[in-house]
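Fit chain C to the known structure of chain A by using the hints.
Chain residues, written in single-letter form:
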Amino acid sequence: MKPKPFAKWIVGLSSSVFLGLAIGQLSVASIDQPTNPVKTGDSYSDETTIPSQPSQGDDDEWGESDEDSYEEDDDDEGWQSNETSGFEQPSGGSDGQSSHSK
Amino acid sequence: MNRQLYAMHNTIRFVTDQPITEDEWQAIQQFFQYVDRQWSRFDPASEVSRLNCLMVGEALSVSLPLARLLQRAIRYFEQTEQYFSPFLLEQQQANGYDRSFPFQRAIESFRIEAPPESSPFVVEGCDVTRVSHGAIDLGGIGKGAAAMLAAQRLRKKQPRGLIEAGGDVIVWSDTQPWKVAITDPQTEQAIAEVQLRQGAIATSNRVYRSWKVGQRTNHHLLSGKTGRPIETDFVQVTASAPQLYEAEVMTKLAFQMTEAERQDKLFKWFPKGRLLLMDESGKMVAEEKGGQSIWTG
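First to last, the sequence lines map onto chains A and C.
Counting in numbering that gives the first Met the number 0, the first sequence runs from 0 upward without gaps.
Counting in numbering that gives the first Met the number 0, the second sequence runs from 0 upward without gaps.
Since the hints were made in silico from the structure, they are not lab data.
Think of the CB as a built atom: it goes at the ideal place given N, C-alpha and C, for glycine as much as any other residue.
Heads up, some of the hints might be wrong.
Residues from chain C that face chain A, not an exhaustive set, calculated with beta carbons under 8 Å [as the list claims (entries may be wrong)]:
1) Trp-177
2) Ala-189
3) Glu-192
4) Thr-202
5) Ser-209
6) Trp-294
Bound-form chain A, shown alone (with noise of 0.2 Å):
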């Protein structure tokens, strides 16, 4: 018995809606997730092939410590003063150089 024209109407309804749904699902999902990071396969992550280099999640030595705030860079690893004479006339015999990179 053929189906009658309004069933092949419902069924063809019905799975347009759902392919439509779920191409809407797939675009949602492609532009909101981000896709899963991609690892940059870098030396760093592996630790034993290159021990002195830090590996990524670390808390390593070459790294900081996790900071919240801004001010909180500033009590980082002792950096915090800044203890200088402040610009004086050269005189003469000094250990480093500050100009701009050639």
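Below, chain C without anything else, positioned relative to chain A:
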């Protein structure tokens, strides 16, 4: 003891009272090799370049030092109302700075995109997600961060040390202070010096990194707000601050601000900072929180 290596197109010099062990030196060399490899905007395989290639919504897991540097750079970007911006790569390329120095001539783009007003990237742990348009160019803050991280490591075993990274200097000392000279951008003669036991000094000028576009001279110092070369009477700015990151950011801000803005904003954000500014006539002024003085040496 005096040792040096070449990285980030600069000579990096390490001066310490006590010898640096071979293991320590090897670790330092490896760290700067990593920085050269992964923080460069010119190497298409670097982590920075791969971040710049991300589409909106995509993420990349990067090495910890880069993730932390990005977090810090974004914080400065937001804190300084975008006067400092690490997201000016496209503007810098449009400005003609599209390859490593040295070069003398370039072609600039007629169309310069407006720079980002918010960070194009969100950093969570080591995961960096692109959320909008804009590309990273770490510039001086990358060099400063590398020297700062090396100093933090060396300081654990060395009571007194100095690291000079292409004009950026960071020092620490439990005893006698270090003496650092600041040089004239034209003559390279010492014009001032700073004695410091702990802290950092950065100098930026618009003389060295400049090039011809037709008859005009372009330079590399871009406004974080417009993305265009800064129009300023100052030729060189030197900043001293507790940390090298801060000194680097201060120099970029000082070029863009009026004296009143530097007092109202820059020294509010960096209250321990000091500036030495030189204009085209060679006149210099020293500034710190609360005032300015003509600097006569």
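Legend entry - Structure-inconsistent hints, enumerated in ascending order: Checked against the structure, the only hint that fails is number 5, while the rest are satisfied.
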